[in-house]
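K.L.:
Protein sequences, first through last, are from chains R, U, Z and A.
So in my numbering, the last spot in the first sequence is 171, and the numbers never skip.
So in my numbering, the last spot in the second sequence is 110, and the numbers never skip.
So in my numbering, the last spot in the third sequence is 311, and the numbers never skip.
So in my numbering, the last spot in the fourth sequence is 831, and the numbers never skip.
Calculated from the structure, these hints are not laboratory results.
One or more of the hints may lead you astray.
[Stated by the list, open to error] Computed list of lysine to any residue pairs in SDA-like fashion (alpha-carbon distance at most 20 Å, straight line):
hint: 1; chain 1: A; residue 1: Lys206; chain 2: U; residue 2: Arg19
hint: 2; chain 1: Z; residue 1: Lys138; chain 2: A; residue 2: Pro323
hint: 3; chain 1: A; residue 1: Lys290; chain 2: Z; residue 2: Asp55
hint: 4; chain 1: Z; residue 1: Lys311; chain 2: R; residue 2: Gly151
hint: 5; chain 1: Z; residue 1: Lys138; chain 2: A; residue 2: Pro248
hint: 6; chain 1: A; residue 1: Lys206; chain 2: U; residue 2: Gly77
hint: 7; chain 1: A; residue 1: Lys355; chain 2: Z; residue 2: Lys311
hint: 8; chain 1: A; residue 1: Lys355; chain 2: Z; residue 2: Arg54
hint: 9; chain 1: A; residue 1: Lys436; chain 2: R; residue 2: Gly151
hint: 10; chain 1: A; residue 1: Lys355; chain 2: Z; residue 2: Ser59
hint: 11; chain 1: A; residue 1: Lys206; chain 2: A; residue 2: Gln547
hint: 12; chain 1: A; residue 1: Lys290; chain 2: Z; residue 2: Gly95
hint: 13; chain 1: A; residue 1: Lys290; chain 2: Z; residue 2: Ser59
hint: 14; chain 1: A; residue 1: Lys515; chain 2: A; residue 2: Leu551
hint: 15; chain 1: Z; residue 1: Lys311; chain 2: Z; residue 2: Leu197
hint: 16; chain 1: A; residue 1: Lys206; chain 2: U; residue 2: Arg82
hint: 17; chain 1: A; residue 1: Lys161; chain 2: Z; residue 2: Asp141
hint: 18; chain 1: A; residue 1: Lys355; chain 2: Z; residue 2: Gly46
[Stated by the list, open to error] Rough simulated footprint, nothing fancy, chain R against chain Z, three-plus residues with beta-carbon under 8 Å:
hint: 19; stretch: 272 to 281
hint: 20; stretch: 295 to 309
Don't be surprised by glycine CBs; every beta carbon is placed ideally from N, CA and C.
Chain by chain, the residues:
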Amino acid sequence: MQGKPVVPLTLAGVAALVLVAITLVSVWSLAHPQRDPVGNALAAMGARLDGVRSWYAQGPVEASPDWQAMRLNVPGGDAARGRLAMVEYGCGACHVIPGVASARGTVGPSLDGLARRAYIAGVLTNAPGDLTRWLMNPPLFSPETAMPNLGVTEADAADMAAYLYTLGPDA
Amino acid sequence: MTDRPPRPQTRPHIAPGLRDVARPVVIWTLHFILVYAALSAACAERAVASYPAAVIAVSIGTPVALVLAGWGLLRRGDQPMRIAARVTIIISLLAILFNTAPVLLLDGCR
Amino acid sequence: MNGPSTLDTYGSQTSFSSAGTGADATLVLTTAMSVAAAVIFLLVMGAVWLAWRRDRPGSVWWIWGGGVILPVIALGTLVVASTFTLAAIGRVDDGAPVIEVTGHQYWWDIVHDPEGRALRDANEIVLPLNIPVTLSLKTEDVIHSFWVPSIAGKMDMVPGRINRMTVTATEAGRFRGQCAEFCGLSHPLMAFEVVVLPQAEYDAYLEDLRSEARDADTAQLARGRDVFLNEGCIACHAIRGVAEGARLGPDLSRIGARATLGAGMWRMNVGNLAGWIADVQDMKPGAQMPSYNHLSGPDLRAVAHYLASLK
Amino acid sequence: MIDATADRPRQGPVLEELRTYEEAWATPPGWRRLSSVSHRVVGQRFIVTGLVFFLIAGFLALLVRTQLIVPENTFLDAETYNQVFTMHGTLMMFLFAIPILEGFGVYLLPLMLGARDLVFPRLGAFGYWCYLFGGLIVLASFVFDAAPDGGWFMYTPLSTKEFTPGLSADFWLIGITFAEIASVTAAVELIAAILCTRAPGMSLTKMPIFAWYMLVTAFMITVGFPPLIVGSILLEVERLIGLPFFDPALGGDPLLWQHLFWLFGHPEVYIIFLPAAGMVATMLPTFVGKPLFGYGYAVAAVVTMGFISFGLWAHHMFATGLPTITLTLFSAASTIVTIPTGVQIFCFILTLAQKRPRLTVPMHFILGFLFIFVIGGLTGVMLAAVPFNWQAHDSYFVVAHLHYVLIGGMVFPLIGAFYYWTPHFTGRMMSERLGKWAFWLMFSGFHITFFLMHITGLRGMPRRISTYPAGIGWDRLNLLSTIGSYILAAGVVVFVWDFIAHRWRGPLAPRNPWKAGTLEWLYPPIAPGHNFHAIPRVHSREPLWDQPDLLENEAHETRGLLRDAPHGRRETVGCHPLSGEPLQIVRLPHPTWIPLLTAFAVAVSFSAVLASLYDIAAAGAVAALFGFAAWAWEPSETGQTITTNDEGTLPVDVASRLGHTHIAIIGTLMIMVALFASVLFAVMFLWNVQPEFTRLAGDPDLFWTSIAVACGLGMSLVAWLARSAPMAVLDLAVALLAGVAGWALYQAVLPTDPMATALAATLWVMAGFIGTQQFVLLYWSLFLALRKVSGQVAAGQIVPEINRVPYALVTAGMLIAAAVVLAAPQLEVLK
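Just chain R, same shape as in the assembly (with noise of 0.2 Å):
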């Protein structure tokens, strides 16, 4: 049968691949999230086509400005920044905020779609500024509401309200 030498070094060959394969890979997931080259290059490589994707969804330049996307502009707001804002503050405790996979609190209502809402929490006009103002302080605008004042800071709260504008406004 097959006696040939050729088998076994495939063989060894093959094992020594996988070898190498899980050394590397051991290495590589060792690395610290914020200093690992593959994975920043993974995560470049990834907001490169987001881009690309994004662009392509947009349509060509000439056409009709989004008046519906640009009523939910947050000036100064940076949604990246937001969904790891809602972390630090803890609104995952008492809401389901897609998007920030801690948050799956039942205390509250979901934040699901919240761009398509007509008010937030039945007080205030859903507006990036009522939006905002309401994060620094609801018990403000709705005495008798259980969300606390968390203390957000004005920047954070554009943050946020910008990310939160990205949940569902075109559904």
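Assemble chains U, Z and A onto chain R, guided by the hints.
P.N.:
Here is chains U, Z and A on its own, set in the frame of chain R:
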């Protein structure tokens, strides 16, 4: 007395016998139980025995176990059973020595 | 079930970096054994490789050499080295200050005992830098296991027993620990933090434990304190100077000063506190505390602010 | 499941005188196949059922890995996750690994040893049904939404009523204990079969090495399983009626459970590993084309492993706070077990060196086994070092280690064995191409999954957590492990597909397809569906290599003992346990429904306990007793003789202490002694670690204790007399004395309150166990008396009387030991 069927003729045991293969490692088992029991008696809450007593028990038990397990180590022969007996003896002797590690390396329960 | 929020915990719970004498000695042993194991593995695989290429019977001396003599030398060395390491790190220092840690489903009760007076805290163990401390480990219910990989190896907390181990933290900082013995529904949510402080700060911490909790100095905080007193919280929780004696739940006298909420799982802030009080059973299923979802909105806010103010 | 009569290769002309033989050994067709007790049918049942449990458990493992693919995942909630990992471990350890290996043993051993069937076919069939029903009870917990969720080692007090209310733990305890009946019955059967039914001339040293591995494994099962059976019974009793065995407030100790569990649990790992290593030792020489190198060394390695592996149990308890010196003892013992393992591995390596092997699919899996198992063994040595163990224990490092040992040491050889022996089951070859795909997928997937777990564990991830925080340093490792597990699963799927599809796609297997040397390949695969028309005399360990005449003729024309079945009865040759020379003719049973019905009665009884319907449980137990009686009622044939062509006249079912039933009784008594020793260990352990509770129990009555001992000794004496003078009146005397001894023991422990202290509770268990032994003797003796009175017994038919002697003696010994234990607290010196 009742009629008995013909007794089967006893056949020769295969030399050197299963017993030589099992004996050393049975001795290891007994030695292990001795060490475990001595340490448990000395070091558990009840403290039935003192720690020196446990050390004395192990010190007496170990040479005895080594002799009993090592008996027949130098017997020659290359039938499979004889080889198996020899290998078992050597592994058991080593294992008995390893059983004494706690008493050799430490000087108290804790 | 709700999961833990992201905390900046990277590398705070690993045995690869050692901040305590126990973890340190173990890491040396781990490294030596790993290198030896890798070498032995390559040697055995080399033997397989040679055997594969060979075409005639080998000698039984291979069995004696590879199967008995070399292993006995390696194992003998290992037993001696590991036993000496064990004797060094497993020694309990009876003169060292004692910190009593009691495991509960699913949190940790901490009692510092510097001069025979029980100073209670929870879910955050403060250790003095470079001073041996003896941890006295117990459990109130099932078996838990106390493990702070960067400080020392683990030790179980077994009903009916008190296990003790002496640790010396050699590096200031925050380290994460976690229950390592499966203890029920919220076992994965039973962590804690170890804070290693230089002597002066450590003494200040103990002083803090001796003094009464911060006063409720605004109307809202006073309302929160009243809610705490009137809604039954004091049946389980103690706050020094406000309601003492209850031990079924964690001591809350300095809860606001801790970095985490819910036994090392969530960032300590008003938002998480409010969510925790209103729906603890969702955040930590199976915890002994009921969800306080009958509080009015302002009451909930007040008690959350009050607890956050206890620093 | 496999009935390949259609494509069975032709055997040449069916000779007229063989017809009665074919008829005598025919497996009943259709649904009546369920009544078959043939080792081939029972072995295949074990193998296929075990494979199904493997697939279920593997699916659960994928659920676990999928939950852990990202941090804070919500794929499974915590409760489901706990159930899933508990059931994964439980199914793999108890319902897959041991039964499937025993299935291979049951199927292969008679063929390798030159027997027409196992010696106790009905016992084997009964064991299978117990395994199946026990496994179904465990699985049924999913249906009742009460799947066990305490981890596969069920630590107390988490598994007690206080912390696990409901039935989930009861499903586990009752189902697993039931399934373990299969393991211990199979162990007794394999011991008797290996020692008593070998081909003429097959002395112990001419036995195929696989039989050595299985013999040691079977002995290990008889000693290793009883601690867990005792532990399970204690825990179930604590859950049902509240005896405080594990409650420290009443002098119990949660560590008692850990000791009993790991006294079983560590040998169990070797019980799983040894048969698989035996398969490697059987397959490897075939592909090398030379005998196993160092047979004597391998035998020594197996025997020493069988013993030393019992001395390691506490290394699972290094973090529980045992004294340092005890840790060192177990640490040293855990390292030294490497020596026999190393000897064995080098036997394999040197076998490989003799000649360039053929690189078949089973050979791939053997090389994979060497590669993976050596890593697992090395990490095992690392874990034996206590300081390292304190970091790695209960972390993912241990998960990695145990999967390296179990998948590398057992699953890889097992799948190799499937490729190797499947032609024997089905008559067709499995695919070389798919087999290599399966191997490479499994091999690479395995390493990606589990190698990384070493790192995950040392980076601080504990096992059994359903969720972990993002960013702590485990995210990527877990992601990769999960991807690896899918690759591993893909390999398993390829294998299973091949195993199913080869039934119609595989080429017909030729006679001795791998050119092996062992006797199971004497016949063309699946050809007759039963074993040897005549049992050849064996002169070598590899008869098919060294006795060319065996393969030159048609298989059914082989010269040997018992040329056909002139009486229309199933018969095989019984041998001297050491020399292998013929000693007797063993008459074997025909297909019967009794094992199935009896197992069903036991299953009803166990399920009724689960449902707290105790009258139904009692009825089931009584029905089972009737089943056993009906089983044993058939007339004895001792005293007949059969003239064979080569070996002269041989007695049927010889009345001798070398007979198979007596050997089986010795095996059974090993189980009984191990059970008793486990109870005794519990007594002494609690006495030793909870000194303040020993005086609270109330004093056992020494008068009644001495009565019990006296009756026990009298019972042994009468049983000994009855062996040469079988009379119904002596049987009645044994029954009476056994009954009185049991009653007296009950009176002796009556003054102690079992609810008050754990020690008293264990004394009651000790008395209860001896009471059960007395009941067995009483039932047995009444049965013998009834047979004699009804004229069933002819002169010289004294096999049961011979077998009863050691049973009575051992029981009396237990009584004396119990008397010492009961009297000890009242002796001044020990106060």
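K.L.:
Against each hint, give a clear statement of whether it holds in the structure.
P.N.:
Here is what the structure says about each hint:
1. Distance check on the hinted pair: lysine 206(A) and arginine 19(U) sit about 17 Å apart at the alpha-carbon level, within 20 Å; holds.
2. Simply put, lysine 138(Z) and proline 323(A) have alpha-carbon atoms about 17 Å apart, close enough for the 20 Å limit, and the pair holds.
3. A hinted pair counts as satisfied when its Cα atoms are at most 20 Å apart, and lysine 290(A) with aspartate 55(Z) qualifies at roughly 11 Å.
4. Note on lysine 311(Z) and glycine 151(R): the hinted pairing holds, with a Cα-Cα distance of about 16 Å set against a maximum of 20 Å.
5. Proximity of lysine 138(Z) to proline 248(A) is assessed by CA-CA distance (about 13 Å); at most 20 Å being required, the pair is judged to hold.
6. Restraint check for lysine 206(A) and glycine 77(U): satisfied, since their Cα atoms lie roughly 17 Å apart, inside the 20 Å limit.
7. Between lysine 355(A) and lysine 311(Z), the direct Cα distance comes to roughly 76 Å. Violation of the 20 Å bound is thereby established for this hinted pair.
8. Restraint check for lysine 355(A) and arginine 54(Z): satisfied, since their Cα atoms lie roughly 7 Å apart, inside the 20 Å limit.
9. For the suggested pair lysine 436(A) and glycine 151(R), the alpha carbons sit about 62 Å apart, so the restraint of at most 20 Å is broken.
10. Restraint check for lysine 355(A) and serine 59(Z): satisfied, since their Cα atoms lie roughly 14 Å apart, inside the 20 Å limit.
11. Annotation: proposed proximity of lysine 206(A) to glutamine 547(A) holds, straight-line Cα distance about 13 Å (limit 20 Å).
12. Straight-line distance between C-alpha atoms of lysine 290(A) and glycine 95(Z) comes to about 66 Å, which puts the hinted pair past the 20 Å bound.
13. At roughly 15 Å between alpha-carbon atoms, lysine 290(A) and serine 59(Z) fall within 20 Å of each other, so this suggested pair holds.
14. Straight-line distance between C-alpha atoms of lysine 515(A) and leucine 551(A) comes to about 11 Å, which keeps the hinted pair within the 20 Å bound.
15. Only pairs whose Cα atoms come within 20 Å are accepted, and lysine 311(Z) paired with leucine 197(Z) is accepted, the gap being roughly 17 Å.
16. Restraint check: the Cα-Cα separation between lysine 206(A) and arginine 82(U) comes to about 14 Å, which is no more than 20 Å; the hinted pair holds.
17. Distance check on the hinted pair: lysine 161(A) and aspartate 141(Z) sit about 13 Å apart at the alpha-carbon level, within 20 Å; holds.
18. A distance of roughly 17 Å separates the Cα atoms of lysine 355(A) and glycine 46(Z); the hinted pair therefore holds under the 20 Å criterion.
19. Given as covered by chain R, the stretch 272 to 281 of chain Z passes the check, having 7 residues with a CB less than 8 Å from a CB of that chain where 3 are the minimum.
20. Residues of the stretch 295 to 309 of chain Z with a Cβ under 8 Å from some Cβ of chain R number 8, which satisfies the need for three, so the listed coverage holds.
Comparing the model with each earlier hint shows violations of hints 7, 9, 12; every other hint is respected.
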